[in-house]
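Peer 1: Modelling step: build the complete structure from the supplied sequences, incorporating the hints.
Residue numbers (our numbering), protein chains in the order written: chain A, 18 to 401; chain B, 5 to 331; chain C, 274 to 908.
Don't read these hints as lab results, they were simulated from the structure. Every value quoted in this text rests on a predicted model; they were computed, and no experiment measured them. Wrong hints could be hidden among the right ones.
What the hints assert, rightly or not - Straight-line distance between alpha carbons at most 27 Å, and here's what the computed BS3-like set of lysine-lysine pairs gives:
id : chain 1 : residue 1 : chain 2 : residue 2
1  : A       : K86       : A       : K120
2  : A       : K152      : C       : K713
3  : A       : K86       : C       : K701
As the list claims (entries may be wrong) - Computed list of chain C residues with no C-beta within reach of chain B, every gap over 10 Å:
id : residue
4  : G404
5  : P421
6  : K487
7  : T683
8  : E700
9  : R714
10 : L721
11 : E746
12 : E771
13 : K829
14 : W832
15 : E845
Don't be surprised by glycine CBs; every beta carbon is placed ideally from N, CA and C.
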Amino acid sequence: MTLEAKPFDPNELLDQQVTAGQFQAAGQWAMVWAKFKKHKLAVISLVVVGLIYFVALFAEFLAPYDPGKFDPRYTYVPPQSIGFFVDDGAGGSRFQPHVTGYKIELNPVSFRREFTTDPEAIIPIGFFVEGQPYKLWGLFDSNWHLIGPIDQSQPFFLAGGDRLGRDLLSRTIHGTRISMSIGLVGVGLSLVIGMILGGISGYRGGMVDRVIQRVIEFIRSVPTIPLWLGLAAAMPKDWPPLQVYFSILVILSLIGWTEIARVVRGRFLSLRSEDFVISARLDGVSEFRLIMRHMMPSLYSHIIAAITLAIPNMILAETSLSFLGLGLQPPIVSWGVLLQDTQNLRAITQAPWLFIPGICVVIAVLSLNFLGDGVRDAADPYAK
Amino acid sequence: MLAFIVKRVLGMIPAMFAISILAFTVIQLPPGDYVSTYAAQLAQSGENVDSAALNALRERYGLGENMVVQYTKWISGVLRGDFGDSFEWRQPVTELIWGRMGMTALISICTLILMWLVSLPIGIYSAARQYSVVDYLSTAFAFLAMATPNFLLAIVLLYITTMWFGVSVGGLFSPQYESAPWSLGKLWDFITHAWVPIFVLGTAGTASLIRIMRANLLDELHRPYVEAGRAKGLPEARLILSYPTRVALNPFISTVGWVLPALISGELIVSTVLNLPTAGPLLLQALKSQDMYLAGAFILLSGGLVLIGTLISDILLAISDPRIRLS
Amino acid sequence: MQRVRIAALAGISLFALATSAMAQDYKQAPELDALVSSGALPAVAERVGANPRVLTPVESVGKYGGTFRGGMVGGNDRNMLFTYFGYEGLLAWDADWTGEVHPNIATGYTASADSRSFTFTLREGMKWSDGSPFTADDVAFFIEDILPDEKLFPTKPGWLTVEGELPSIAVISPTEFTMSWSKPNGLFILNAASVYGVQLALLNKAYCSQFLPKYNENADAEAVAAGAAGWAEHMVAKCGVGIEAIERWRNPERPVLEAWKIVDPYVAGATRVTFERNPYYWKVDTDGNQLPYIDDLSIGVNAESQTLLLSVLAGEIDYEVRHTTNTTNLPVIAEGVEQGDYRISPRESRVGNVMTISVNLNSQDATKAPIFQNKDFRIALSHALDRQAIIDTIYLGQSTPQQVSPREGTPYYNERLATQYLEHDVEKANALLDSIGLDKRGGNGMRLAPDGSPLVVNVAAVTALGNMADAAELFVQYWQAVGVDARFNAMDRTRFYEEKTASQHDIVVWGATSGGIDVFIDPRDYFPFSTESNFAIEWAKNYIGDGGVEPPDYVKEQWALYDQIKATSVPEEQNELFQRLLEITADQFYQIGIGTAVPLYSIAKNNLGNVPDGTPTGWIHPDPGTLNTEQFYFK
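Peer 2: Below, the structure is given as structure tokens:
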């Protein structure tokens, strides 16, 4: 054994031993990932969530139409289904993706538009069609849409039409962006507030801790809906939609941070007495470095779990607020705003496809919940 | 024990004050005030509104004064039992709220009890028989329930009960029982109506309580003392129910602390959809028209209800867990 | 003309008197028989008085019995009770709203030649619901003691004042009195027959005077002891005072003249309001049966309209015209007809348009004001709209394009006002906008103001009133297509009202009001008349003497013409003056309209009889009060 000038680096020793085949090594995250993969449901949910955010990102491209485009002839039109083969007239069939058009009759007594599928009206559809122009993310001009009718004047309602004859599919896709981003950004805000306050509370203890605890308890005991209602009713309604959107975010996250703060505080309290923390402190590590470099990393997994479980709550909260008419307003499209249309008997009895945004809420929330469950199980180093 | 309770009750008082300040601020936040709402109503029915008359009204209601003064007036009235007058209904608030709050409390408590009754056995069974059919079903149900917005559930259920079962619509009583004194018939009528809101309100909460019970019990079931008990020959059911369940019950009881506010909040939306004679619809209306004393009273009382719920849960916890009593 | 009218009414009253004298053996509802034989109630002939109003039932003489079930929606739906069961004025309009005025509480009236004074004759022996006599003193009580009071009436009803002067009243006998002003009040009779006229005979002097200090020196002390802030609040709480006051339905002790009286009052938190028969009701049918036929009313309170709709579908509502009967719900209601055992009765709506688009001529923004005041701007906006598409989308095609104007078929129709600038002509719109200095475009393709700054036009509508918000979203798309950067602002009603009253709005979308004979009573859409004339509220404030801004001469000319209308009660003169007024409206093109009023409908259970069909709806012509709900019966 030689005496070396540089200090002992355990990682270097480990690398040597791994190369020599004595150990198998994996970083913290690699292990988490391996454990995560075992939880099948969580993996599926990860894919689903990823898909949802993909849709949110590329909404303008994926939606066949602009969410405001309306067609008076197709109010409450039922969804069309895609067919792939058409009669080629000679007894056989050829490949031609299409939807079938409708014969429209106005019932003179009930004034309901009655749509009967017209097998003669074949509407060819294509992928990457040229449709309404848009600006992707407000920056890039384009008019390519993933799917749509080749002849733009033909009806194309994969998810049916709403009361103004607007395409529900396009509106739902655009709504994804608003609803999912509110969840993300809102939780981000809660995270920052929660981590700071929870961290201080757990690390310092004593008086500071007690005060913050009381505040948290107090916030959790106030019934949220009246609070939201009051705050939402307080917002001047003539603010531009974007400002309304952000103020809703702030309102929601002002309630949501308590959960994260609780988690952080709890972990900090138990970590304070852990050996590695005590030894680091004895080593003379500065407080800031102690928190950031030593204590935080064991928190990440819990925080990720808390986030993924908080996002669905935020989505449900926004949905409820918008449903009550106090959150986002038209012309902004979110799932909550779309669900306002279902709050009448007409929708339930005659246009059930209007509930599709509700199904999206359920799927998004479900998959986020499963994902969160999976991450929590995988990331907890103390679990079996 | 008594000292513990007294200490907790004393701790509630600052919380109540804080809630009252919050309630009052929230009511005052929107620009304008009740007189603006009133003026809008007048205008809509064709009456010409004189701005001088509006200002006179504002003065009479004391709406022009400074915030702190208004708050002090209000809170001193509340302490005397006078919650002020509702502008919209032109009646003292006390005449309006007690009946409604009573109903809210009744529904919330019924829901809470039912939630416990349902989630406890299912949670225990799921943990004891992990990965069984019941476990998977309850997990699936739990997640689904937690993901569905409850107003959606309310609308669909309402429609189904009316169209398919022919039950008289909405509300908590049929017309003939509404003002009648309580009787067996009225009780049955109440049950046939109330199950819809209780079901809607309770599903999400039941689901998460099942999950919590299951998780807690699972933690306990892996402890050495359970193994020891099994080795000693205790029958499985008695083993589980006597020991780990009692420990797992602790966090369960503490859930009242957050379940009650969630119930009261959820009750608000659901009762608007279902047209229940509870606090919800009245509060929503009061918030929209800035009927500040009515809205303030509701928020205050809801907060109070929640604090009482937390107190009860703390007491129950203290009873069941000696560590807390002695700390 | 006056004399012919007097003669006609005198003739009718004589005939009524004659027939009533002949039908001395009146019949009453079986539920009252026990009370009469026990002596608790006097006999029916005494109760209806010597000269009851004889009502001809719509279909046939009805049967006694049954409980009418209805529904209210929301926190403060007192006007449902008012329009359904509370329309009892001195005079009344008929169901078809021909404009003919019929005797109701009064048997007739005479007007002086200069329209300054009006003498009414009342019914001999007519009683309040507690058995006390109804006399001219009750009307005098209102005119002399209530109306002038500052606390009870801080704002005086416009139709009762002539240039700020309140009427004076002279009681000639218990059944005759004269109201007069020093200047003519030509529209008085019209108003007296409208929903507003109910005010005159609303208050019972014997009961309500106990709350006035003038008659009871302890009134204030008693009020405070009862928990009210003062005698005025107590008076309102007990007697209602205003026709739309919710307290009108809160006090079962208050004597009324209506067909039913309150049992379970409409207090906050009530889930059901119930009424029972008024045994002293002063109307009979042609067979001498004392009205009403129906014994009780049971009105449920719903938090929102969907639950009421469910009740309708379940067949639990006997008549409904107020909340659930709109085009949105029609398909659902139409499909439930069999299961609910009700029928759909089409109605006519007599408003001037499905909605009004008001560009703020009194905008406080220095850049926008000259643009908004430029008529070509409004013409361009009008041409940019595809009215047929909007009508097809929102109103199921049930309207024809029209500007805001009185209805065709009424004597008040003005063709130019109704049909100008209706074509969907995008080129013309663009050309007009270019010509008024809005030809420069910004980076986003939208037009810039003449000074180069971005021109953003906010379009406000109230979301709770569904159709308008939907329509506004569509308008915005059409206007953006011609380069106007229009943005839609959803608002709640209070905020909406505050903004527009302060004239801070750019464009607002609202409903239209009068289109039939009520154009005289409320001409808000035709010239700056009230704070509801959304296109020029500052000028309207100037008109009612509440500050505001002085308008240009053409508006003053309209005001002068309207004052002349109020000064005469001759219909031909009123029409001719009004047409001249409308010509100015057409010249100025204040508001943009979309289409003719959409037909409405009501729902009646199949076993409810004597319900007329196809009649017009409205508020000033209060539907269904004009259908005479007292003669509805269960078959």
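Peer 1: Checking each numbered hint in turn, tell me which of them this model violates, lowest number first.
Peer 2: Failing hint: just 12.
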